[in-house]
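Student: Line by line, the protein sequences are chains C and P. Residue 1 is where the first sequence starts when you use my numbering, and the numbers rise one by one after that. Residue 1 is where the second sequence starts when you use my numbering, and the numbers rise one by one after that.
Calculated from the structure, these hints are not laboratory results. A virtual CB, placed ideally from N, CA and C, is assigned to each residue, including glycine. Fair warning: there could be bad hints in the mix.
[Said to hold, decoys possible] Part of the chain C face toward chain P, derived, beta carbon under 10 Å:
1) Leu42
2) Glu208
3) Ile222
4) Pro227
5) Val243
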Amino acid sequence: MHPLEGLLDRRFFLMSSAAVFAEASFSLPTFADVPVPYNWDLAPPMDNREAFIAWAVKNRGEDPKYLGERFDRYRVLVANKDVWDKRDDRAFLLVPREEFVLKQNLGRAYDHAFLDIGYGVTISGPHVVARMTSTIDVKMGDKVLEIGTGSGYQSAYLANLTDKVWTIEIIKPLAERTRGVYDALIGRGYSEYKAITSKNADGYYGWEENAPFDKIIVTCGIDHVPPPLLQQLKPGGIMVIPVGPPGAQRLLKIVKEQAADGTINVARSDIYNGRVVPFVPFTKLEGDAISGTHNK
Amino acid sequence: MTALARTNAPLYIAVGLVAGAVIALQICIMRVFAIGSWAHFGSFVVSLAMLGFGLTSAIMCVAKNWFERHALGVITASLLLFGPLAVASNLLAQQVPFNAIFLVSDPAQKWRLLANFLLYLLPFLAGATFLGTVFLQQAKTFNRVYFADLAGAGFGGLIFLLAMYVFAPQDLIVAPLILWLLGSLAFFFAYAKKQVTVLLAVVAALTLTAHFAVPPSLNIAKLAVSDYKGVAYARKFPDSQRVYERDTPFGYLEVYGSSYLHFAPGLSDNAAFNLKDMPANAYLGLYIDGEGPSGIIRDLPKDQTDYYRFLPMIYPYVVKDQPRTFVVQFGGGLSASVALDRSSHVTVAEGNPAVLAAFRTDPTLKAFTGDILANPRLDVVDYDGRLFLAHTPRRFDVIDLSLADSAGLSSPGGFSVVEKFSYARESMQNYMRALASGGILSVTLWNKEEPPKSILKLYATMAEAAKQNGEPDIAQNFFVVSSYLATATVLYKKGGFTDEEIAKLRAHTRAMSFDEIYYPGFVFDPAQTQSVLDGYKSQVFSEADTAPGTVEAGEPEIEPAAPESSVLPSTLMGRLTWHSLIHGGWPEIANQYVFDVRPLTNDRPYFAAYIKPLDLPKILDRLELVQDEWGYLLLWATLFVAIGLASTLVLIPVIFSWRTIFSRYPGKLRTILYFACLGAGYIMVEVCLIAEFVLALSNATVSASVMITGMLIFSGLGSLASERYLDRSKIFMPRIFIGIAVFLIVYGLWLHIPLDWIGHYNYGLRLFLCFCLIAPPAFLMGFPMPTAMDTLARLGKDHMFLWAWGINGCFSVIGAAAVPLVATTFGLSSVLFVAAVAYLLALPAFYAVLLPVGEKRAATSAA
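Only chain P is shown next, with the shape it has when bound in the complex:
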């Protein structure tokens, strides 16, 4: 293809735009899954689809000569196909929705999931074929085309972020289509006949028409929202109407109104016999990405707010009269309304700008809430309350964190493995520090699990935070209540509770019929410890043969009329937890407990992933029991499937060419190791930093975009710069690897410190500072891949060149799947350490890349 040699600028532009289209399509599919069904499956499908790069590379490696001979044809065909395949696969996949909750019970769901995967794989195959063929053509100056690839992908991520302001979720696919069209045009204008450009125009027009015209004419969905999403129920209420809708990078916000929406999270059962009425039509339902509802509370007249005193979030006000209150998360405004009802002044924080914008600008919402955010007794902090409290010199009498980020109804998809920094120990320490003398921190969490998991993690986290803050004895500082299968509330008082306060709180607890879990002076009888722990263990892990095995219709073991005096096991477990947290012995109890209940920290901020990894094999025959853990289990499934598929793909060239083409290449195994380390190492850093930077950026989508854009662009620049050192790579590259490893280890140890500071600047400055933070390691991480690829090409190891690209891709998928598993087990910093090790392993392996073709002795010794 001599045409390509004439001028490379259009080629680089085309590569950049198509790479941008590929990454935009990835994020688009993840958005489609997040809104239509469940975000975790988006990651699952996309990460597997990325194996399309591995598949393409394996095929190209085996049939290299054919691809070289037909390069222009292959490029033309793959460009023409990318757009139509993207639209067709999306439309078809939306017609075979699968449902996560039936995955175990309904065999058909597995096939639907597979169909989704195969369909979404198709456009990636076209994109990968285009990029692979161009790479092969430009092998000797790979670093430049790689720069175009990375930088284009980076900008693609950014453009998609902006597109989320413009397009409705079901039309977001237009963003990758535009990038694809521009990229293809750039290529065809420069290197193809006019007719091909005309053909492209026709194909593009048909593609867009198909996306916009086919679904309405066939009455099919462009984005099928699962019937089991929270929003699907709101849509079915007879009188429901959508009063607000907005798509932004901070999520797809919808607000529905209906008389059928009722919220009173954790309401005491006694409300039924002490209140005349609950207020009717008091709520709107707020849904983000179809998940919810969170209740948006109406501006209620004073005589209708009586029911507040039956809510668990009222607790701090039982002992604090007209306090200065801080509400950590505004959400739908219930906590803020309760606070306004009982406080002299309220400061409320909300980290989601889209939520604030909705409440501040929408006339319907303003009218409904009495324009709550403009209340003169209320200040608004327009970023995370967690970040505000970490830095403010102000002190508060009450700090409230009630049911943040959680919808009242159980989500059928289960827990997501999501960073909950607001509940981490470091945040709790900051909340405690921000209390005025005698101030109260009140944290309420859902207590709907049996055996309890989240609340035990919360208990351990809060006790640990108080201890870390230097409290010598925390026995006097806590008051804890729970309501069975409803909520649990932990109160921490700076300076400790007085006897009078304890008496008041206990009286209130009795009046509400809540269960006492801990108060200063509470006496726990440790005699029951072992039976509770053993009971839970046997409840979850009992073997089949201990289950009832005979078909005797005799007297049942479970007496329906058994005495009800005994304390419920979960209540007992809560008491046992506080007893041992305060009087010692907690590590041993936690170790014996059936689930992982280590405290949440900034390094491991997860409520999910409660199954201890070593227990996983024992849980496989009882998955229904841990349905709220499926997000985590799916990550393991992704890892195993990715390892299986990746090994298969890596083996294809081995089977077809190991003894023929590759026999001339020395140092094969170390070369494979090299590219595997780069693939896994790079993606681990990227995915891990996306999670870490949420600390400063407060939003996972923004963090993902900043990381994708920043890392890829700076690595692209590194790739561009690498050319200058190519001749000296033997001496230069070790420094690069060591530099990368040093950065990763330092970041692993201390990154939270700058992130913590960045968090309280305005958003623009935060973005800028985050870019600055990732620039140095990302720039260095741009060197190893192109340096090695250029070297392979210059040494004439063309097959290895193609294969290396595929290995890199395959191990990226494995690395990406491994990140949350390492993070939930060992912490986010460990992910960076593992990545540092990968780069250090790549250092010696790099010398195998440098071996020229035909050095048989070296080949033998390496293999």
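With the rest of the complex left out, here is chain C:
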């Protein structure tokens, strides 16, 4: 989609009173096109901030300011064990989170915080997205379903781990806005997002035509696990659902197990597999060291 079409779309939304506030404040930052086409062998430097920024400016055409913030956040994620392997590291470093937040929140795009994206929906903090994604251990080729597209950041992250991502958003204008974000990014050369198929529908019923899925991520509140989603999960598949208020969410992990006799069992646990893990206060980077706590 041409960027102008996005603008036209937004103008259309402005006419809908429910969308006025969310839309008035949302506009895509105008960053450059991606100079080097995406491929699965892209390997950003992970051990040096300057090297990473230089690499990403050259290969991805992104703003060094956000690249620096992304790398700093990445270091904290590693220290806090929010990302568990190199593929997760790579996925985090390749997703321009700044493209998925509201304009007024650009300055806090990489904060350890969930941010408002309009419509009563938040974009989860980078640590939560990283941890949830690490939990479901997405392999290349896995079919992954996301319920609750929201900002689109989660699926963008997934698109760097597998080439088959489906995502469903219940709020129509938000679904359309995020689709617009993907299309604009694809237009600028982020071809990895072509792996994302999205629709506006009630996620409760999953996406039967494309089932079964290896992994399902649910990012919206519900008082029970929707049976259709459990049915559309492959045996051995994993589902992860945040439970509780934003910020203080617990991540529920559900594993669908099939015994040799064909009986199916569903095991609930938290993502630490039953360990009590000490809370990690907000950590900050000072130079190259992780130190202290802060509350910003």
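With chain C's structure known, arrange chain P on it following the hints.
Tutor: Just chain P now, kept in the frame of chain C:
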């Protein structure tokens, strides 16, 4: 202002009406917050805005002479400004909504909150200036004008309650505006030129026009509902439609229909592989004050109710065939529907008359639910089930309390500090007593917390209730299951479970893949006790330096593929809790546990406030971890901000006038103490009784209105009567203080007994009896303030008169903020004891008020 001396009746009427307008505006703002965002912030903003009285008093105290010279002008201006300021501040504040959930993470939210506070402060400043100037003019007969002030405020509260039947939430502000207009008219007719009355008419017309015409023409909201309120989501569903709407004092009820609404609280995951389909379009969403949804279930054909057996509320029916069932709260009707499906007869209670009225009268709801309340196998009790079961001679085979008062989705605002009397130990004891021989009490609660909090409180409460009922050994009486991050269900059987029943229940639990927490004969291995307790403590309170500190990209400590055989910590904690509740050692476990898990009682009926107060400083750098406790934390913030602001205000006269004007006044410090005690004492009693009387009245809004109206009117009468004893106050007042203290202590100890009885009468009689109960202490509490103020005025201590009024106001705010903190920590009765102490402290301080101006020696000794 000689005009004022001519006749005082219009003045008293004006004072009464404006005082009524001020209180109506307070409640109005609290309603606006409750519906638009979050009720706790309403209390926060309003209580701080009440410091407007302190600010006004401080300014008037410093510039007393100016105010005396320009009294008529000041009164005229403040009256003309009150209405326009109320409307303007409300409209502006609605354009800068702030969002509680971003308060910590988004720096801008703090400024939005401040803007809300400053905006809502403005009309209160105008109201306070009017009242303060009149008080100053009428200082020598203060008790009469104070009567008008209190009685008017009392009626204002009552009128607002009635207005809630008439106006939609966004237009409730019209109620204070009407009171303001009438009050201003009464004043201007009697004491001002005609032109001023005409000006008032113009201002009032513009004000109302602004409220009704400006928002639509500028396309701005009169009441901005946060996108994060439950109802905001329902409104966004493409096919959603509002099928019912009604505003009453029992809440703003809305019902939405949408195919996107799905309810099956706590549904077993196994339903997915054993059921063909879940019923579609089976629910409407019920929202009260925008919070929800609670599911209203459709009248389902028998072949679509299969999924009931996968719900946790089915448990009692696993072992009870066709029982006589009592459902403690109707809510949206899910429990009642399940009960009807499995019982021979069902009795269901609902304490919210607005909910019952909706189900009984609305054609859409009646059609959708198959007119469930008219089902011949169903009786309806139209008041709290808790109160019914406390008094009924009837006995039931099953009593069900499932997920009462709680919406299925997590509320982003967090827990409110709300009295949950239905879950208190005394209520549980009553439920247990109302069981027939072999009957089962089934209580289901959300289990979405990690570390667990609410469910541990529930476990402790139910075990304690059984013990208090005289069960010598409760080991055989309980069966407990939970589902991780879903629900927990506790079954209590009168007489104990049989082996056959235990086997049936365990088989059902396995079939549902729920976790066994306790059953008679359950063996717990205490070897894990310490590691669980320590683990939770470290999970919440670990220091930063124990967190991973190096940036090694090596092997992560958390293995994604760790073995899954171990029992989850929260399940283990539940088992440990029951083990120690039954076999002893619970107090020690509770003491070591990371959160407060004392049982709920009528004196301390709170699930919220789970952070132990001494742990508060340690939690400040990890607020995100306790986001569901923000209601409680906000109370602490209110207290600290109120103390800060109040001290500042109290200090203004000290800085400007201590060595000049006040140097002539003896006994200053004791006088300050006196009015501080009255301010804090009075409001503590009022706020505490609002909570206590919910026991009998079942509804916080009604209770608040009854208390505000009753206390203020009876205190007003006390104020009026005080004039007769003014000359003998030295001898008479000690009796009053002691009388008040005796009443408060007696009420603190035994008030629950009459409230419990009052609760099962019809609502009109309940209201009347509640008024009777509060009349005696409220009447006596009306004496101290006007007696002292009259005395100050007659002794010519005019500056002290003004300042005293402000100190009283400031300490009211502090007292109000302190009530829930004292109540959650020590219990509601303790609040009354603290208030009694405040009144006893005021007794000796009263003698300082009596000291005449110029007694230097007394001044020195007191200061």
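Student: For each hint, tell me whether it holds in the structure or not.
Tutor: Outcome of the hint check:
1. With its C-beta approaching chain P no nearer than about 18 Å, leucine 42/C sits outside the 10 Å limit, and its interface hint is violated.
2. Among the interface hints, the one on glutamate 208/C is violated; its C-beta lies about 13 Å from the nearest C-beta in chain P, farther than the 10 Å criterion.
3. Given hint, isoleucine 222/C at the interface with chain P, holds; its Cβ is 7 Å from that chain's nearest Cβ, closer than 10 Å.
4. With 10 Å as the threshold, the beta carbon of proline 227/C comes within range of chain P, its nearest partner Cβ sitting at about 4 Å, so the hint holds.
5. Because the beta carbon of valine 243/C sits about 4 Å from the nearest beta carbon in chain P, less than 10 Å, this interface hint is met.
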